[in-house]
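Protein sequence lines correspond, in order, to chains A and B. Under this note's numbering, the first sequence has 257 at position 257, and the numbering climbs by one with no breaks. Under this note's numbering, the second sequence has 593 at position 20, and the numbering climbs by one with no breaks.
Treat the hints loosely; a few may be bogus.
In silico lysine to any residue, SDA-like type, Cα no more than 25 Å apart, as pairs [claimed, not checked]:
#	chain 1	residue 1	chain 2	residue 2
1	A	97	A	57
2	A	229	B	678
3	A	229	A	170
4	A	229	B	775
5	A	113	A	517
6	A	97	B	777
It is worth saying that the hints were derived from the structure and are not from the lab.
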Amino acid sequence: MTIARRDLFHIRPRRQEYDAIVVGSGMSGGWAAKELTELGARVLVLEAGPMIVPERDYAEHLPTYEMPYRGWNDRRALAAEQPVQRECYACDEVARKFFVNDIENPYTTDADKPFLWIRGRQVGGRSIMWARQCYRLSDLDFEANAREGYGVDWPIRYADLAPWYAHVEAFVGISGRAEGLPQVPDGVFLPPMQMSCVEEQVAGAIDTAFGGRRRMTIGRTAVLTRDHKGRRACHYCGPCHRGCRTRSYFSSINATLPAAETTGRMTLRPNSVVAEVVWNPRAGRASGVRVIDAETHEEMEFHARTVFLGASALESTRLLLNSKSPDFPDGLANSSGVLGKYLMDHTMGVGARATFPGREDRTTRGRRPNGVYIARFRNVTEPSPDFLRGYGYQGSATREGWGRGMSMPGFGAGFKRDLLRPGPWSFGISGFGECLPREENHVALDPDQVDAWGIPTLRISCAWSANERAMMRDAALQAAEMLEAGGGRDITIDTEMTPPGLTIHEMGTARMGRDPATSVLNAHNQAWDVPNLFVIDGASMTSSGCQNPSLTYMAFAARASHYAVWAARRGEV
Amino acid sequence: MKRRTAIGVLGGVAGGPLLMPLDELRRMLAWREQVLAAVGPAEAGGAGSGNGAPAGDDTAEGAAMQAASFLTPARARVMEALAEVIIPATDTPGASEAGVSGFVAALVDGWLDDDDRDRFLAGLDAVDPACRARFGTPFAECAPGEQAAFVRGLDEELTRLREDRAADESQYFFHDVKRFTLTAYFTSDVGLDALGYRTTFRTFEGCAPLTAAEAGR
């Protein structure tokens, strides 16, 4: 990253206002920084965590033998410092530094409702460790609440967002294959990655067995299959979540923040924990933010004409709940009372796995940072037995590695020779299901707890409902049936839904809507109550779809940024 | 408990709850307690732990050296010898060239829970006495045939435990010996070389012919 060091430290409040303050430097904040600065705005980006310098902090090629625990992670350090974060697969021996310290960043849950809140506090946020899958939502999703009378209607439709999907996709660089599926519309794609032999075999078998109603395609992923806008094509080393010095996958550090820096109009201040959005009652606007320096605990205020929150769904909502004033005793922009409510995540953990005899003379070459995707078919091409909405699958088929030896009998020269060769083809798929927006799934301030910077923390109350459980029962059965249709043997199913939060698609709690009485944001991610305040991350979601949501957050962030600049020029913000 | 459920129980699963068992949820909820109960800084061979870790050298040089490991030189010798029987040198190096004891020392000193560590070390400590009784020499000095016979007994017991639904094979020390050995070997530089491991690729191929090494030629 080329951000000059002078910009990283010792940034002091100035009399001069910025045009915009962006809270958060991850997926959403990075897009606001890029779009706003490219449109001419002077932008202050505030990030709660430290600076990340790729040349120093990325470690994707670190050989396993240089890790003290050979990739098995530092169990005792995790137990002491990251007892929540360790539940995420990416919080590994190398990348755990990109996840928060749970002791410094506590939260509480109801005793019988576990919620795993996986967080990254550093420049780049969770865009460093994300799983990079990118799928557009469609009108199947934007119309679902209105059609079923569940939740409030989205204030937009696909046609409103489609050009912004295209806008961000062209910059991000997403490899994928056009399929013409209405439920996951095609986007601007770089060449797709290859499927493996067994993935091709099963994709064809599913097409035949289910009469074309179910489609398996290669995953759509924010990883470059050719050089793109100054970033290098992927070299298939594997562990993207540890960073990428060739910037081959999209993150704010790899792409949007450098673009914003190039304009000369971005100031980035790491170690800036935003405690409050400051409300100016006379002006009827937000005047800026109150910041606590993460290292010195010094308090300061920064001012701007517009404030954008992209701190992650629950952090942005927490910030608003903590911004209390006589005008907004229950949190800024909360005249509706729905701030904090309608929390969602996607269901995860349920699917099936099988081995596939044959093709023993073939293998995959390279570690593909991507899998296959089975688009949602329930309540699209096939009715569901007993639930609303639907789910998609993600997975991959590769040959098993040496790890299979741990549960195999044997030892000695023959055992070693076997393990040096690829094992059987194994194919696992896992369902990701839509979660209904329910009022009782909510967050509120915890009256009894503060974080390491003295800021009140969240109490999270969230559980799956009967609809999600019914959906996942079906997902397990259909996964097994599809693998069987593809020629799978020794089929096993995973039946344990992971607790909400762990999918790391947590969203909602400051939803968009058509009515200020039942929503926090309007169709432009703009707070109904505070005209110069925009919430541009997952907090704004009105329903969840079943698609991985980051692409949608990016599109919303870009769209809201353009709207804000346009409205400001007309004197409306 | 075996984690995956066979497709044979599909009917039961479809009718039953899919949520995690309550005790599993409680385990996740108990993280604050786990923090409080978490072991302190990894002080290998804490005084009075009774696990046979040497007190360490009290010379100036000894003090400058790292704290003594639970994996004493005698235990390391047994571990290395077992590992070499599991993954012997063939046309490629064996486990003894892969730094097995360094990895295992890191695990026993800073990774395993105390009770798992003690069970593993007790199993390791029983190897030489058993070999002396059976063959008249410690394991590392046994003839290759004797070593193989001994390890075969351990491996057969592990297999028996794995197939016994009532048993938990992960409590058996040879389960650890085997997974520590395989991980140490296949993540080492010599192991990765034997696998033909490469870090980077020009592209991803979904259906490539096997290399000579992969085909075992």
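Hint check results:
no.: 1; hint: 97(A) <-> 57(A); result: 9 Å, holds
no.: 2; hint: 229(A) <-> 678(B); result: 47 Å, violated
no.: 3; hint: 229(A) <-> 170(A); result: 10 Å, holds
no.: 4; hint: 229(A) <-> 775(B); result: 19 Å, holds
no.: 5; hint: 113(A) <-> 517(A); result: 29 Å, violated
no.: 6; hint: 97(A) <-> 777(B); result: 29 Å, violated
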